[in-house]
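Respectively, the protein sequence lines represent chains A and B.
Following our numbering, the numbering of the first sequence begins with 19 at its first residue and continues without gaps.
Following our numbering, the numbering of the second sequence begins with 75 at its first residue and continues without gaps.
Just so you know, these hints were derived from the structure itself, not from any lab.
Honestly, I wouldn't trust all of these hints.
Computed spacing ranges between beta-carbons, pair by pair [as the list claims (entries may be wrong)]: (1) A:G74 <-> B:R94: 42 to 52 Å; (2) B:D214 <-> A:G74: 15 to 25 Å; (3) A:P77 <-> B:L92: 46 to 56 Å; (4) A:R80 <-> B:G203: 29 to 39 Å; (5) B:R112 <-> A:H127: 37 to 47 Å; (6) A:D70 <-> B:R91: 37 to 47 Å.
No farther apart than 25 Å at their CA atoms in a straight line, the calculated lysine to any residue pairs in the SDA-like style are these [what the hints assert, rightly or not]: (7) A:K128 <-> B:G87; (8) A:K114 <-> B:Q79; (9) A:K128 <-> B:A115.
Since we're looking at a predicted model, the values are computed, not measured.
C-beta atoms are modelled at their ideal positions from N, C-alpha and C, and glycine is treated no differently.
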Amino acid sequence: MRASSVVLTLSIALLLAAEGASAQGKGKVEGRGIAPAGDRVPVNVMVVHTSDREGGVDPRARDLDRKLSPQLRYRSMRVLREQRVDLRLDEVGTVKLPDGRVVRLRPMHKGPDGVLIAVDVEGSVKLDARAPNHHKVVIGAGEYEDGNLAISIEPDYEE
Amino acid sequence: MSREQQLQAYHDGELSRLARWRFERRLRREPALRRELRELARVGEWVRAGHRAPEPPDLWAGIAPRLPAADARRSAESARGRSRDLGWLAPAGAMAATAGLAVAFAMGWLSPGAPPGPEGVVRWLDSGGRDVMVLEGAPDTTIIWVIGGGDAHESV
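So that you can see chain A by itself, here it is in the shape it has in the complex:
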């Protein structure tokens, strides 16, 4: 009885050790952030709410406001979510919108002319953009409360 317990314990220990070695060999189960810097594509994502109501511009969105205000008409802009999504090539990142939908991002290729990134705004639009570093891709994600939701996606990586 005692011998079988010892055998069982040893078997479990060996199994766990083998699993650990296998995971370490792949280096990704716990180390999904280990990929070389060149393969990483950090993306700054900002979700804003724009409205015709007075309310000014959220200080965090001043840069975005400078880019959007010549093209789009609104009176106030407030930041609902700010997130830096650090992705490897081909990895899918997810950002939740305040209305429950999700935005999925997948960098497909990185080259001298920027990042080719696939974006899926659930229930709204799917697109493929080649965005140079620090180029903002702003996507209207539909009406929300008394205004509109907009998502700014900006690759921000070391060159």
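Keeping the supplied structure of chain A fixed, place chain B upon it in accordance with the hints.
Frame of chain A, contents of chain B only:
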């Protein structure tokens, strides 16, 4: 590891045998997780397919002469209740949007490079048949705006 990280790792075949077995057990029990996995697999697939396809013919040349007609139709539609959507555009944006709208009307989607040209930021776009405008006025910003034409909250 978070749920998203686990999903991604499973999708990429990076989980250890034991972790994979555990995850597959969860998959069998949770339909929502299976759905998320399917969605994950689909992101970017249409992009790959689009990039493998041969270059489409230059449709822009055929569309450009029809712009005034499209513009007129746009005005009529605006009068029928879409003014709220377009009212969101500042005058500069409204001018630039015309081309994007025209293409969206004609094709329902934007082929790679149209209408901003092959050097444009937006290479492929599917708005599910909704009207869409692409503004590439500013040098370091591209705006993509879907204009009404359906329930923006429905799942795809």
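Here is how each hint holds up against the structure:
1. Hint check: A:G74 to B:R94, Cβ distance near 51 Å, so the stated range 42 to 52 Å holds.
2. Checked against the hint of 15 to 25 Å, the C-beta distance between B:D214 and A:G74 comes to roughly 24 Å, which is consistent with it.
3. Checked against the given bound of 46 to 56 Å, the beta carbons of A:P77 and B:L92, roughly 48 Å apart, stay inside it.
4. Separated by about 36 Å at the C-beta atoms, A:R80 and B:G203 satisfy the suggested range of 29 to 39 Å.
5. Take B:R112 and A:H127: their Cβ atoms lie about 24 Å apart, and the range 37 to 47 Å is violated.
6. Under the hint 37 to 47 Å, the C-beta atoms of A:D70 and B:R91, about 56 Å apart, miss the expected range.
7. About 22 Å separates the Cα atoms of A:K128 and B:G87, which keeps this hinted pair within 25 Å; it holds.
8. The suggested pairing of A:K114 with B:Q79 holds, with an alpha-carbon distance near 15 Å, which does not exceed 25 Å.
9. Distance restraint check for A:K128 and B:A115: the Cα-Cα separation of roughly 20 Å lies within the 25 Å cut-off, and the hinted pair is therefore satisfied.
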